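Using numbering that gives the first Met the number 0, read the sequence shown as starting at 0 and increasing by one per residue.
It is possible that some hints are incorrect.
Stated by the list, open to error - Simulated DEER-style distance windows between Cβ atoms:
hint	residue 1	residue 2	range
1	A81	G25	34 to 40 Å
2	Q20	E76	30 to 36 Å
3	G43	K85	16 to 22 Å
4	Y77	I57	29 to 35 Å
Hints in this document: simulated from the structure, not taken from any laboratory. Only a predicted model underlies this, so the values are computations on that prediction, with no experimental measurement involved. Glycine included, C-beta positions come from ideal geometry on N, C-alpha and C.
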Amino acid sequence: MSSNPPTSLQAILQNDSLTKQCALIGPDWTEGAKHFPIIDPATGQEFSQMADVGRNAIVEAISHAHQAFQTFGQTSEYERAAILEKWATKTLVESKAEV
Numbered sequence: 000m001s002s003n004p005p006t007s008l009q010a011i012l013q014n015d016s017l018t019k020q021c022a023l024i025g026p027d028w029t030e031g032a033k034h035f036p037i038i039d040p041a042t043g044q045e046f047s048q049m050a051d052v053g054r055n056a057i058v059e060a061i062s063h064a065h066q067a068f069q070t071f072g073q074t075s076e077y078e079r080a081a082i083l084e085k086w087a088t089k090t091l092v093e094s095k096a097e098v
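Given the sequences, and given the hints that come with them, work out the whole structure.
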């Protein structure tokens with residue numbers, strides 16, 4: 000018995016709580032005054048929205064990312080892999096019931 004895989008991201012992400020419609024800037028989720036569509040490249044259809052936070056917030060996000068990389072960039076590839084694997088596993092386990 001074989002099952003057909005989902006044909007779009009929207010089919011996979013049926014629960015909107017799995018996607019945030021705001022921007023992660025440093026440790027904080029930031030709302031935007033406006034939103035822009037996120038398009039599934041396989042279908043060309045919108046499957047979510049993203050906050051349009053503006054230039055200042057983007058500059059702040061880049062600054063936070065640069066600061067974070069100062070530490071993360073000094074970790075070995077094995078440590079990075081372990082961190083990313085732990086994060087991916089946690090994310091998958093948390094969302095498994097929803098997908």
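Here's how the hints hold up against the structure:
no.: 1; hint: A81 / G25: 34 to 40 Å; result: violated, 23 Å
no.: 2; hint: Q20 / E76: 30 to 36 Å; result: holds, 33 Å
no.: 3; hint: G43 / K85: 16 to 22 Å; result: violated, 34 Å
no.: 4; hint: Y77 / I57: 29 to 35 Å; result: holds, 32 Å
Hint compliance for this structure: hints 1, 3 are not met, and every other hint is.
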